[in-house]
Amino acid sequence: MKRLNRNLTLLLLLGFFTSSAQMAYMDSFSEDEIFEMTDFVAPTTDLLRTEVDDFIFGPATKLKFKILEEESGVNATYFKVGSLPYMKTNGNQMMPYGLTDGEYTIKYYSVDNSGNQEQVRIDKIYLDHKGPEISTNFSISPNTYKNGIPVFSNEVKMEVKAEDEKVGMQKLTYQINNGPIIEGSAIGKIDFAGIEGDVEIQICAYDTFFNRSKEIIALKLTK
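Per our numbering, the very first residue in the sequence shown carries number 1; after that it's consecutive.
Be careful, since some hints might not be right.
Straight-line alpha carbon distances no greater than 27 Å define the calculated DSS-like cross-link-like pairs of lysine-lysine that follow [said to hold, decoys possible]:
| # | residue 1 | residue 2 |
| --- | --- | --- |
| 1 | K220 | K157 |
| 2 | K130 | K62 |
| 3 | K171 | K223 |
| 4 | K166 | K64 |
| 5 | K214 | K161 |
| 6 | K130 | K161 |
| 7 | K124 | K161 |
| 8 | K62 | K166 |
| 9 | K146 | K107 |
| 10 | K171 | K107 |
| 11 | K88 | K66 |
| 12 | K146 | K157 |
| 13 | K64 | K124 |
| 14 | K80 | K107 |
| 15 | K189 | K214 |
| 16 | K157 | K189 |
| 17 | K80 | K66 |
| 18 | K166 | K124 |
| 19 | K161 | K107 |
| 20 | K161 | K171 |
| 21 | K146 | K214 |
| 22 | K214 | K166 |
| 23 | K66 | K107 |
| 24 | K64 | K88 |
| 25 | K214 | K130 |
| 26 | K80 | K124 |
| 27 | K146 | K66 |
| 28 | K171 | K157 |
| 29 | K66 | K166 |
| 30 | K189 | K146 |
| 31 | K66 | K157 |
| 32 | K124 | K146 |
| 33 | K107 | K62 |
Cβ-Cβ distance ranges computed for the label pairs, FRET-style [to be verified]:
| # | residue 1 | residue 2 | range |
| --- | --- | --- | --- |
| 34 | N147 | E183 | 41 to 49 Å |
| 35 | Y97 | I176 | 19 to 27 Å |
| 36 | P59 | P180 | 23 to 31 Å |
| 37 | T144 | Y97 | 27 to 35 Å |
| 38 | E51 | I182 | 24 to 32 Å |
| 39 | T105 | N154 | 20 to 28 Å |
| 40 | S139 | T105 | 25 to 33 Å |
Hints are computed from structural coordinates only; laboratory data are not their basis. A virtual CB, placed ideally from N, CA and C, is assigned to each residue, including glycine.
From just these sequences and the hints, can you work out the full model?
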């Protein structure tokens, strides 16, 4: 009976010293460090859609990521486009330089301050460098041609259209010779009343990403 009591006392003392040692060990860490030690959940990262509500990006459109990490905090986010190597981002990244128009696979993931790494996420994106399509139409046919340049009476009018099927139009501008730049919508009509001689019309069309298309049209006008 005495030996049983002695063994029980030793077990209680051992349990006391063990608990004390564990408490002393835990006390050696800050609250943040203890919190991080209990974080075993990786962040969640999402690629945000662009202003055209799709995964279409222009050369100046930023890749924006939404990162959810409620415990130890985000340490870093990495992404790669197509065959390019992984790059580190702060969540608001310019599109990598040198990519041509077309569809690409984008891979990305985040790591938190506890070292938990998210499983790689994969999306498809489309890169658009191309400006809108510009088309023109004259209200009358030319009287003749001189050195390949059409000759019209100054009663002619020119209709200009521009469209961008992927991301939509931003604006259309035109300039006659060195005159003022006129800005309008995707459809404009140019009146040449009172103008004679050599005429150069510079037309520019901009899409939502400010990709620009430019056309220069030369003609001659007579009374």
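Structure-based check of each hint:
no.	hint	verdict
1	K220 - K157	holds, 13 Å
2	K130 - K62	holds, 17 Å
3	K171 - K223	violated, 32 Å
4	K166 - K64	holds, 20 Å
5	K214 - K161	holds, 12 Å
6	K130 - K161	holds, 16 Å
7	K124 - K161	violated, 31 Å
8	K62 - K166	holds, 17 Å
9	K146 - K107	violated, 57 Å
10	K171 - K107	violated, 34 Å
11	K88 - K66	holds, 15 Å
12	K146 - K157	holds, 19 Å
13	K64 - K124	holds, 14 Å
14	K80 - K107	holds, 5 Å
15	K189 - K214	holds, 17 Å
16	K157 - K189	holds, 7 Å
17	K80 - K66	holds, 16 Å
18	K166 - K124	holds, 15 Å
19	K161 - K107	violated, 38 Å
20	K161 - K171	holds, 11 Å
21	K146 - K214	holds, 24 Å
22	K214 - K166	holds, 18 Å
23	K66 - K107	holds, 14 Å
24	K64 - K88	holds, 13 Å
25	K214 - K130	holds, 11 Å
26	K80 - K124	holds, 12 Å
27	K146 - K66	violated, 60 Å
28	K171 - K157	holds, 20 Å
29	K66 - K166	holds, 24 Å
30	K189 - K146	holds, 24 Å
31	K66 - K157	violated, 51 Å
32	K124 - K146	violated, 51 Å
33	K107 - K62	holds, 15 Å
34	N147 - E183: 41 to 49 Å	violated, 32 Å
35	Y97 - I176: 19 to 27 Å	violated, 36 Å
36	P59 - P180: 23 to 31 Å	holds, 29 Å
37	T144 - Y97: 27 to 35 Å	violated, 48 Å
38	E51 - I182: 24 to 32 Å	holds, 26 Å
39	T105 - N154: 20 to 28 Å	violated, 55 Å
40	S139 - T105: 25 to 33 Å	violated, 48 Å
Checked against the numbered hints listed earlier, the structure breaks hints 3, 7, 9, 10, 19, 27, 31, 32, 34, 35, 37, 39 and 40; every other hint is satisfied.
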